[in-house]
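Novice: The hints should help you fit chain B with the ligands onto chain A, whose structure is shown.
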Amino acid sequence: MNVGESVRTGFVEIWSHKTRSFLSFSSIAFGVAAILYTFANVNGMYIRRTKAFDIAGPGRLEIEKRESGGFSALVGLSKGLTTGDAEAMRAAMPWLYMLSPTLRASADLRDGDFRDRVQLEGVTLDWAKRGWVFTKRGRFFNSHDLANAARVCIVLEQGGWAGKKPFWARFWRDDNFAGHARRADMLGRTIQLDDGLYTVIGVLKNPPRDKDPRWFFRSGGLLILPLTTVQRYLARRGATDSLDGVDNIIVDTGSVETIPRARRRIEALLSGRHRGVADYEIKDFREMVQNMLENMRKYAVAVLAVGVVAVLAGGVGIMNVTLATIFSRIREIGVRRALGGTRADILVQFLTEAALLGVLGGIAGIGLGLSGIRYLSDDGAETVAALLWWHFPATLAISAGTALLFALYPAYQASRLDPVEALRYE
Amino acid sequence: MVEIDAVVKVYGDAGGYRALDGVSFTVPEGQFAAIMGPSGCGKSTLLNVLGLMDQPTSGSYKLDATAVQGLSDAERTHLRRDKLGFVFQSFNLLPRMTALQNVCLPMGYAGLSRKDRLERAHGLLARVGLKGKELRTPLELSGGERQRVGIARSLANRPRLLLADEPTGNLDSKTSVEIMALFRELHAEGMTLLLVTHDPGIAAQADRILRVKDGRIVADERPAAQPA
Ligand SMILES: Nc1ncnc2c1ncn2[C@@H]1O[C@H](COP(=O)(O)OP(=O)(O)O)[C@@H](O)[C@H]1O
Ligand SMILES: [Mg+2]
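Chains as they are written, first to last, in my numbering: chain A, 1 to 426; chain B, 427 to 654.
The set of hints was computed from the structure by calculation and includes no laboratory data.
Warning: the hint list may mix true and false statements.
[Unchecked claim] Residues from chain B shown here face chain A by an in silico Cβ test under 10 angstroms; the list is partial:
{"hint": "1", "residue": "T471"}
{"hint": "2", "residue": "T483"}
{"hint": "3", "residue": "S484"}
{"hint": "4", "residue": "Y487"}
{"hint": "5", "residue": "A500"}
{"hint": "6", "residue": "R506"}
{"hint": "7", "residue": "P521"}
{"hint": "8", "residue": "M523"}
{"hint": "9", "residue": "Q527"}
{"hint": "10", "residue": "R540"}
{"hint": "11", "residue": "D542"}
For each residue, glycine too, the CB sits at the ideal point set by N, CA and C.
So here's chain A without its partners, still in its complex pose (with noise of 0.2 angstroms):
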């Protein structure tokens, strides 16, 4: 018997008891669905860690301030992290491609009839080679801005959505003054922060969010100003605090394979510097990328052996069905094996109506996957770009694998039946 008419009397077979394959339809399709939701996040994530390499720069590392803790004795030894710390590196490593300090400090800000409390960061001249990809009206800050603790300030705009808002965005309402600083075109205007006015020389436009790839570092930032005006106006600090402490340094080496030289060099001349006293941390971005991506792995290990289940319930689910089908059906196996079926047919038969609710059940498991993926996870267009072409026949072959293999035992019963006794069974 050829498999075209197996197809076919599967499916009439399919069709007469739609309750029963149904149920192992519907359980093969939730396993697919999570497969394939794991193969989207497994790949979304690789594109993604290829992504966040290229943007941050191939050498990256970043000293965070620490509070060092412990020993109180020790603490007035050390500055802390400060511009001098990174004048330092810098006069030590000319060569590196950025050396980027910051200070974060909260304002109350005013702009007409507009209050806000917003968080603002202090910059240095490198930090706009962080090479991210903006779109700039106004100009930058300048080495004079710095020099004299110049009261300028640049607006960091947030870039909305490119496609359509997910909708669980809706419950995220805009921070208020990202939302001002959307509708109100800032460019050259004097706002106020805390008690000082500032102008406004520059409005950066960030990328659409959901095509901005730098998922982990989505700061808080919004207004970015001279390092030095924020440390000489607007950082509040501790009495220990140094005037020109900073909160973290990010350098690029450049290349990956100076980073270790650098990590050495840096490691040294901040221990004296700090004379020992820990209150700092280096962090290698590769490494906490790494860490980042470990995690999503086992994330998407827990629910690819959630698909796997229910993958293994859906084949138990169809031999179910088929030892029912195989049940109700031993009289037609007798009458097939009289009229010349072999027990191959028989065998063939079986597994093709098997089969067919896997391929079947698959499909529907991919569009249950699809709109999941899409109305479910943050990403949700991304995560589904991210799907190769291949993972839709693997998913398919998994489904349909299965329903194959937990069909091969009621099928071979099926096929081993005495013709005799199959026929006079009532």
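Specialist: Relative to the frame of chain A, chain B with the ligands by itself:
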């Protein structure tokens, strides 16, 4: 066409029930033989052995000059498919398939193309008088019509031998007459026929009557009178 010699069929282990107890006879090509006997005497068992559905415990069987002992299950199935046609008392049509699909079934196993199958099935259904009812399912057909489909199906692969186990057993007498007319027509065309029946009137239409009792042939006779 059929040569069996000392065929024994024992159900269960040795010492079990001897359903066939040394049956020997020959049916030449083109003969119409009726098998008669009381219920439980082994008629169906005999037909199953002849139909290669069941293997005898001992004895020899030649079908169309082919010795069937020692053939594998698949080989016997292929012989059955290509040389034998079955007609059943309870029709044994697949209920979810149309008459046409039922008739196509054996041809599918024989590997005929879809086009050939449909063409031949239409021809066979027309021949048994079911033109226009090809797309009905068995539920939408009368008993007589069902048996006509059964006969059309048994002819699908152009068999050399038809085995019919009480083909009129579930039919009223008028319909039985119609079905028997069909069998006689086939016989007239040269088909070899082995037909199990309880009805002496039907047996009387055969060339020969084999009487079975307790798994043995007790009489092999010509019918007394051919019907008018
Ligand atoms: N699978 C079987 N196991 C045991 N006994 C059987 C089996 N099949 C048939 N028999 C017995 O063999 C005898 C002949 O059966 P059968 O050939 O069906 O008779 P009939 O002449 O009525 O068609 C019966 O007594 C029946 O009970
Ligand atoms: Mg019987």
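Novice: Against this structure, judge whether each hint is valid.
Specialist: Cross-check of the supplied hints:
1. T471: holds (9 angstroms)
2. T483: violated (14 angstroms)
3. S484: violated (18 angstroms)
4. Y487: violated (16 angstroms)
5. A500: Since the shortest Cβ distance to chain A is 5 angstroms, the answer is holds.
6. R506: This hint holds: B/R506 lies near chain A, its Cβ roughly 6 angstroms from the closest one there, short of 10 angstroms.
7. P521: holds (9 angstroms)
8. M523: Hint on B/M523: holds, closest Cβ of chain A at ~7 angstroms, below 10 angstroms.
9. Q527: holds (9 angstroms)
10. R540: holds (7 angstroms)
11. D542: Because about 12 angstroms separates B/D542 from the closest Cβ in chain A, which is outside the 10 angstroms limit, the hint is violated.
Of the numbered hints given earlier, the model fails hints 2, 3, 4 and 11; all others are met.
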